Amino acid sequence: MKIGLFIPCFMNELYPEASMATLKVLENLGLDVEYPLEQTCCGQAQANTGCAKETAVLAERFFKIFKDYDYIVAPSGSCVSMVRHNYAQFLDGRDGFERMRSHTYELIEFLHDVIKPTSMNATFSHKVGIHNSCHAHRELGMASMSEKNVPEFSKIKNLLDKVEGISYSELSRKDECCGFGGTFAVSEEAMSTAMGRARLQDHLDAGSEYITGVDMSCLMHMQGLIDREKMPLKTIYIAQILAGDVQ
Amino acid sequence: MSHPELAEKFAANVERMKWHDKALWFVRVKRDNQSKSLDEWEELRNTADKIKSHTLSHLDEYLEQFEKNALARGIRVHWAKDAKEHNEIVLDILRSNGAKMIVKSKSMLTEECHLNPYLEEHGIEVVDTDLGERIVQLRKEPPSHIVLPAIHLKKEDVGTTFEKFLSTQKGNADPTYLTRAARAHLREKFVGADASMTGVNFAIAETGGIVVCTNEGNADLGASLPKFHIACMGIEKIIPRLKDLSIFTRLLARSATGQPVTTYTSHYHGAVEGGQMHIVIVDNGRSKILSDKRYIKSLQCIRCGACLNTCPIYRRSGGYSYGYIIPGPIGSTLAPSRDLKKYYSLPFACSLCFSCSNVCPVKVDLADQLYLKRQDVVDAGYLSPIKHNALKMATWLMCRPKLMDFAGFMARKMVPILPRALLYSKFNLWGKNRELPPFPKNSFKELYKAKKGIK
Amino acid sequence: MSSREAILKAIKEAKPHDESALPEVNILHTTYDDLESKFATTLASVGGNAVQLGSLAEIDSYIKEHYAEATVIVSTVEGLHVGTKELGATDDPHTLKDVDLAIIKGEFAVAENGAVWVKEADARHRALYFIAQKLMIVVPKGELVHTMHEAYTRVSFDDKDIFGLFISGPSKTADIEQSLVIGAHGATEACVVFL
Numbered sequence: 051m052k053i054g055l056f057i058p059c060f061m062n063e064l065y066p067e068a069s070m071a072t073l074k075v076l077e078n079l080g081l082d083v084e085y086p087l088e089q090t091c092c093g094q095a096q097a098n099t100g101c102a103k104e105t106a107v108l109a110e111r112f113f114k115i116f117k118d119y120d121y122i123v124a125p126s127g128s129c130v131s132m133v134r135h136n137y138a139q140f141l142d143g144r145d146g147f148e149r150m151r152s153h154t155y156e157l158i159e160f161l162h163d164v165i166k167p168t169s170m171n172a173t174f175s176h177k178v179g180i181h182n183s184c185h186a187h188r189e190l191g192m193a194s195m196s197e198k199n200v201p202e203f204s205k206i207k208n209l210l211d212k213v214e215g216i217s218y219s220e221l222s223r224k225d226e227c228c229g230f231g232g233t234f235a236v237s238e239e240a241m242s243t244a245m246g247r248a249r250l251q252d253h254l255d256a257g258s259e260y261i262t263g264v265d266m267s268c269l270m271h272m273q274g275l276i277d278r279e280k281m282p283l284k285t286i287y288i289a290q291i292l293a294g295d296v297q
Numbered sequence: 034m035s036h037p038e039l040a041e042k043f044a045a046n047v048e049r050m051k052w053h054d055k056a057l058w059f060v061r062v063k064r065d066n067q068s069k070s071l072d073e074w075e076e077l078r079n080t081a082d083k084i085k086s087h088t089l090s091h092l093d094e095y096l097e098q099f100e101k102n103a104l105a106r107g108i109r110v111h112w113a114k115d116a117k118e119h120n121e122i123v124l125d126i127l128r129s130n131g132a133k134m135i136v137k138s139k140s141m142l143t144e145e146c147h148l149n150p151y152l153e154e155h156g157i158e159v160v161d162t163d164l165g166e167r168i169v170q171l172r173k174e175p176p177s178h179i180v181l182p183a184i185h186l187k188k189e190d191v192g193t194t195f196e197k198f199l200s201t202q203k204g205n206a207d208p209t210y211l212t213r214a215a216r217a218h219l220r221e222k223f224v225g226a227d228a229s230m231t232g233v234n235f236a237i238a239e240t241g242g243i244v245v246c247t248n249e250g251n252a253d254l255g256a257s258l259p260k261f262h263i264a265c266m267g268i269e270k271i272i273p274r275l276k277d278l279s280i281f282t283r284l285l286a287r288s289a290t291g292q293p294v295t296t297y298t299s300h301y302h303g304a305v306e307g308g309q310m311h312i313v314i315v316d317n318g319r320s321k322i323l324s325d326k327r328y329i330k331s332l333q334c335i336r337c338g339a340c341l342n343t344c345p346i347y348r349r350s351g352g353y354s355y356g357y358i359i360p361g362p363i364g365s366t367l368a369p370s371r372d373l374k375k376y377y378s379l380p381f382a383c384s385l386c387f388s389c390s391n392v393c394p395v396k397v398d399l400a401d402q403l404y405l406k407r408q409d410v411v412d413a414g415y416l417s418p419i420k421h422n423a424l425k426m427a428t429w430l431m432c433r434p435k436l437m438d439f440a441g442f443m444a445r446k447m448v449p450i451l452p453r454a455l456l457y458s459k460f461n462l463w464g465k466n467r468e469l470p471p472f473p474k475n476s477f478k479e480l481y482k483a484k485k486g487i488k
Numbered sequence: 184m185s186s187r188e189a190i191l192k193a194i195k196e197a198k199p200h201d202e203s204a205l206p207e208v209n210i211l212h213t214t215y216d217d218l219e220s221k222f223a224t225t226l227a228s229v230g231g232n233a234v235q236l237g238s239l240a241e242i243d244s245y246i247k248e249h250y251a252e253a254t255v256i257v258s259t260v261e262g263l264h265v266g267t268k269e270l271g272a273t274d275d276p277h278t279l280k281d282v283d284l285a286i287i288k289g290e291f292a293v294a295e296n297g298a299v300w301v302k303e304a305d306a307r308h309r310a311l312y313f314i315a316q317k318l319m320i321v322v323p324k325g326e327l328v329h330t331m332h333e334a335y336t337r338v339s340f341d342d343k344d345i346f347g348l349f350i351s352g353p354s355k356t357a358d359i360e361q362s363l364v365i366g367a368h369g370a371t372e373a374c375v376v377f378l
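Protein chains in written order, with the numbering used here: chain A, 51 to 297; chain B, 34 to 488; chain C, 184 to 378.
Just so you know, the hints here were simulated from the structure itself, not pulled from any lab data.
Predicted model, so just to flag it, every value in this text is computed and none were measured.
In this text, a Cβ means the ideal position worked out from N, Cα and C, and glycines have one as well.
Check before you lean on any hint, since a few could be wrong.
DSS-like mimics (lysine-lysine), calculated; alpha carbons at most 30 Å apart, straight line [unchecked claim]: (1) Lys482(B) - Lys114(A); (2) Lys396(B) - Lys198(C); (3) Lys83(B) - Lys321(B).
Quick list of simulated restraints, FRET-style, between CB atoms [to be verified]: (4) Ser129(B) - Val236(A): 54 to 60 Å; (5) Glu110(A) - Asp190(B): 54 to 60 Å; (6) Thr336(C) - Ala413(B): 46 to 52 Å; (7) Glu110(A) - Asp125(B): 57 to 63 Å; (8) Tyr245(C) - Glu97(B): 48 to 54 Å; (9) Gly266(C) - Lys197(B): 37 to 43 Å; (10) Ala483(B) - Val236(A): 32 to 38 Å; (11) Lys197(B) - Asn209(C): 50 to 56 Å.
Going by beta-carbon spacing under 10 Å, a handful of chain C positions derived as facing chain B [unchecked claim]: (12) Lys198; (13) Ser203; (14) Thr225; (15) Val293; (16) Arg309; (17) Asp342; (18) Ile365; (19) Thr371.
Extracted from the complex, chain A is given alone in its bound form:
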């Protein structure tokens, strides 16, 4: 099984450790992972701003670079959602697209659905608040959505349960959006920060020590607010917990 690792553009530049942790988690499980060097970006910012022409260019590029891997794994629910849900507008019907599309996974769902590890060999003796990033949560089905009447489940919790010493905080709004939303973070700045603060207050009230999730972008936005307002909270990308980067 050859895995093509897709690292979101901003994670590559700004979060090399979180990205490395992703690679480490996969390699520790004995998987054959390659990071194709020509990759750049999935085109989400363009897509979310309605720039279809520009998105098409990047969709084509992604397809060309990644289509021959058995699986494509990315540490990002939103980038994976782009590929699985938004690329069809540009690539539907193309030879190899459906195969690539259905084999593109976010890291946690890949571990949960495909690899199914029995243990993670990691310790994290802290109280964790799980942030359910919207794209991963509602578009990829990472966990049961609070709006729906369905049996409760969480792929994220399922993986984190395998980490020694971990405990969880109970949020009052389990899956409200943090307000990052991509370009929304800047184009509707007042809403974005109001929503982020609301999430952080929920975590403070619930006693979270760390906030974790599958999308670094949400965490980056929340950490930005935490740092500005000096809140007693820390964010940590989930792979860093699973890789044992922090105990």
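Fit chains B and C to the known structure of chain A by using the hints.
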């Protein structure tokens, strides 16, 4: 002003913004309690979606069937292509029957057509009779929510308005006291009205009758006292069969307010004794939406407001930030369908969290529509050139990995040494309320190449 | 071309092609072990109340006891003697504005939502249901269904039927700062009597 500016203003009053958010989240929770009490909830939604979607594919047939059955019952049926014609038809019915004062119950359609000011210009007194609608009418404000029109007001605001117009006790903001005062005041209007107007929740093709779902009793009191009842409906309000109501009546109130059903579910199949019942069927842009398969499902909307209640942006920016009579997620697709240029900012007043699509009782694909509307905005040239050019440049750069690596390298070198005042200037929109992330020494790619011994 | 023709033409041209049939609406749904109890609890939760009585005479006594201040009473229930005014006696429903208590007939009750189906073909003025200060609905004992699925199998509108409604509890509103107030414009109290 567009949504971002209005939203910022609303959110600037942090205490009020939080109160508004909490009030609407409370309604969302009540909805959840109801939805989770029925194992068949998701199946109800699926069925409602299928009924509505089938109906839209046969809309002309069902409308003709409805008209035939309504006429056979002595109900008069009128057709209005647009808002102007709707208003003219209503005025004509009222004038020809000598109506001078009418009582009206909630109808988003009549708001869409700006009926009230039109009738008032032509000398007809219009009294909105839902408590929330009457409150905002007295205050000369539009409603801020399609189901809870006065949700933006505190009880003290209502108190001062009633002191002024209903002579209630000064400083008394008790909701029960104020409601009783409105009851007495509006009873006079019901009793004195020459005609009444209601909306239509569902029009039944099979029987030619209409259904009005309310809690307060104002629609029904209005429609049962004066001799003339005018009911206005958009073409999309048709449902095929009487029994289809079993699905919709189980979904509507639960989604809207978290009640198992509205107090009154009235099936109007004819006028009062000696009276006349009129139905005005309105297009006003709906057939245009019908032709666009990307947005057709927005016509399935049953106006429950659940999407507003769950939307984290609506809750924190309020109905007035949207500039359209229907705010929130559903408004943000309907408004641009009506006027893309005027409402270009609404599809972007959304973080694409998808919560709205999940609560919609008829499974309108709201988030998908808001995503696609953004492409329409760009194609029409309404995206700001700054944003568009920035993204064009970014795309250009993203096709050139070596150049992008270099740009990243320079950013990681320069940003950490820039003076704070420069870095956090007003041009740094991210930095207004947030710290930038620390810029690391190496990119992941650099570390990966080093690790793998790649040059 | 009339507006009617223009609209129908626009719809014919715009509508999508879809051959899917209308779905079955009587889907698998929740049922309740004790219909009477579920109905009573739900009705109470929406501000009404349910009682079981044995005879018309018992209703008479109940009214005298619980609605002592009611001076103007209209009843459409045959055999009840508490009425002070006849519904059919007047052309003008406005004369009902002083009605303190209206006692009307319901056909059956719905457990899931505390609603009663009211369709009195011979009730001259539907205004009675909304204008009365208080409402009492008399339903034949045992006439209860689980949900609106069963309810709508018992609802029909033939040529002569002009009005029918579900009533669930007294009128209410939460339009003032989300505070629930029982009694908006319609009845301030609603009692369902199973006879």
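Hint-by-hint comparison with the structure:
1. Lys482(B) - Lys114(A): Distance ~21 Å between Lys482(B) and Lys114(A) Cα, so the pair holds.
2. Lys396(B) - Lys198(C): holds, 19 Å
3. Lys83(B) - Lys321(B): Roughly 21 Å between the alpha carbons, so the hint for Lys83(B) and Lys321(B) holds.
4. Ser129(B) - Val236(A): 54 to 60 Å: Check passed, 56 Å falls within 54 to 60 Å.
5. Glu110(A) - Asp190(B): 54 to 60 Å: holds, 55 Å
6. Thr336(C) - Ala413(B): 46 to 52 Å: Holds - the Cβ-Cβ distance for Thr336(C) and Ala413(B), about 50 Å, lies within 46 to 52 Å.
7. Glu110(A) - Asp125(B): 57 to 63 Å: holds, 58 Å
8. Tyr245(C) - Glu97(B): 48 to 54 Å: holds, 50 Å
9. Gly266(C) - Lys197(B): 37 to 43 Å: Distance hint for Gly266(C), Lys197(B) holds at roughly 41 Å.
10. Ala483(B) - Val236(A): 32 to 38 Å: Given a distance of about 33 Å, which is inside 32 to 38 Å, the answer is holds.
11. Lys197(B) - Asn209(C): 50 to 56 Å: Check passed, 52 Å falls within 50 to 56 Å.
12. Lys198: holds, 6 Å
13. Ser203: holds, 6 Å
14. Thr225: holds, 6 Å
15. Val293: Cβ of Val293(C) sits 8 Å from chain B, so the hint holds.
16. Arg309: holds, 5 Å
17. Asp342: At about 7 Å, which falls below the 10 Å cut-off, the nearest Cβ of chain B leaves the hint on Asp342(C) intact, so it holds.
18. Ile365: holds, 8 Å
19. Thr371: holds, 8 Å
Comparing the model with each numbered hint stated earlier shows that all of them hold.
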